[in-house]
Amino acid sequence: MEDAGVQPAEIEAFYLGNFAGPSFVGQNHLAPYVASGLGISGVPATRFEAACASSGSAFFHAVSAVAAGLYDLVLIGGVEKMTSQPTPKVTEILAAAGDVSGEVRAGATFPALFAMIARRHMYQYGTTREMLAAVAVKNHANGAKNPLAHMRKVITMEQALNGKPISEPLTVYDCSLVSDGAAAVVIAPLDRAAEFTKRPARVRGIAQASDFLALDEKDDITTFRAVQCAAGKAYKMAGVQAADLQFAEVHDCFTIAEIVAIEDLGFVKKGQGGPYSLEGRTCLNGELPVNTSGGLKSKGHPVGATGVGQICDLVQQLRGEAGERQVRNHSLGVAQNLGGSGATCVVSVLEAA
Amino acid sequence: MGKLRGTVYTETVVFSPPEAYVNDVPYQLAIIELENGKKTTARVMGERVSIGDRVALAETHDDVQYFQKLQE
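Chains C and U, in that order, are what the protein sequence lines are. Using my numbering, the letters of the first sequence correspond one by one to residues 11 to 363. Using my numbering, the letters of the second sequence correspond one by one to residues 23 to 94.
Since the hints were made in silico from the structure, they are not lab data. Among the hints, erroneous ones may be present.
Chain U regions said to be covered by chain C (calculated; three or more residues, Cβ under 8 Å) [what the hints assert, rightly or not]: (1) 32 to 42; (2) 82 to 88.
Straight-line distance between alpha carbons at most 27 Å, and here's what the computed DSS-like set of lysine-lysine pairs gives [to be verified]: (3) C:K174 - C:K208; (4) U:K60 - C:K228; (5) U:K25 - U:K61; (6) C:K163 - C:K174; (7) C:K99 - C:K155; (8) C:K155 - C:K228; (9) U:K61 - C:K280; (10) C:K280 - U:K25; (11) C:K228 - C:K208; (12) C:K228 - U:K61; (13) U:K60 - U:K91; (14) U:K25 - C:K279; (15) C:K91 - C:K208; (16) C:K280 - U:K91.
Idealized CB from N, CA, C, for every residue including glycine.
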């Protein structure tokens, strides 16, 4: 709000993404709780829950409401406080984003679900451990340059390959961080944007899609139908092709998820995400910089804050304010926010207005 | 061995468990493609399995199915 020069009293609605506040800290009814803390009162304040895509979903619905003419000035936030619980409890809370009566009862955790995706991707396409590790090394290198990253630490390929096993073939270096964090953006109709900033970003296309919760109900677990669907709709709304997009923030909750994401977003052919990553083509100076923020792997993954956090990262690049992480071409970018093992996906195409 | 048979579609060995299964680690979890074409997520007991291995249901408890590798 400070960046936009907006006072709390001007905000007409508050949308909050949060996955599991009631489980992590025992607090429910979070949207008015946070809004009142910000000095916003009297307006609609609603929490959105869509697992790790909670604030992406809040953003999608807020943009829809402004586009429909319901409000002019809306604040969208995302928040998660995860570190107050021990790891097995965090693992259990996160697992509830999967099918609790099926896969989770059998012992599935989120690392386990994505490990099974990785195994199948390796089997079908020849993806290797080195390809997964290349994603971790690249995202840590980016995050080390991001003052807002949770873990600002460069790692080597050797370290990434020899991490402690979490769920085979994934090691600790393939998994995103358990983080506390929050993010927020203010949106307004484009014709009013100049009142609030000299460098607005325009939401050129946005879509949300859904699919089965359980991995075992999907025909092919190496691809996320919700990602392909949301990307197709968002690109159509924006009037762009994947090849037009200059940089991306994708949902690398696990290294394999980034590889699958760049395939499903149409940047590479199915099965080519691994070699593309290993060749360094997604690095800061590569042809398609991916997760210049450090991604969920290094910037951190406070799950309910991640979707809006990605929007903030895109805006920083679009404005040319990313410092030593600034990419060369930065007028059109995309964010992909995934919930669960692909049951929700939000894709947003943003451009410098 | 039970009559419910299938093929391992994918698998993992879990080292970092949820609270309910802290005493089970490491355990193998797999998605099994059953003979009727449906898939199910289950535990694997005994010998570790890989994608493509044939398995059969060995036991079920607490609504969790435990499959075992078929020696063919």
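Tell me if the straight-line CA distance from C:K174 to C:K208 falls inside 27 Å. 47 Å, violated
Cβ contact check, 8 Å cutoff: the region 82 to 88 of chain U against chain C, three residues minimum: With 4 residues closer than 8 Å to chain C, the region 82 to 88 of chain U meets the three-residue bar; holds.
Check the hint pairing U:K60 with U:K91 against an upper bound of 27 Å on the C-alpha distance. 18 Å, holds
Checking one constraint from the list: CA of C:K228 to CA of U:K61, max 27 Å. Satisfied? 9 Å, holds
Please verify whether C:K163 and C:K174 have alpha carbons no more than 27 Å apart. Holds, at roughly 17 Å.
Take a quick look at whether U:K25 and C:K279 sit within 27 Å of each other, Cα to Cα. 40 Å, violated
For C:K228 and C:K208, compute the direct alpha-carbon distance and say whether it is at most 27 Å. The hint is violated at about 45 Å.
27 Å limit on alpha-carbon distance, applied to hinted pair C:K99 and C:K155: 31 Å, violated
Would the pair U:K25 and U:K61 pass a check requiring their Cα atoms to be no farther apart than 27 Å? 16 Å, holds
Would you check the hint for U:K60 and C:K228, treating anything up to 27 Å between C-alpha atoms as holding? With Cα atoms ~10 Å apart, U:K60 and C:K228 stay inside 27 Å; holds.
Between C:K91 and C:K208, does the CA-CA distance stay at or below 27 Å? 33 Å, violated
Would the hint linking C:K280 and U:K91 be met if the CA-CA limit is 27 Å? Status violated; Cα separation ~31 Å.
Violated hints for the displayed structure, listed by number in ascending order: 3, 7, 8, 10, 11, 14, 15 and 16.
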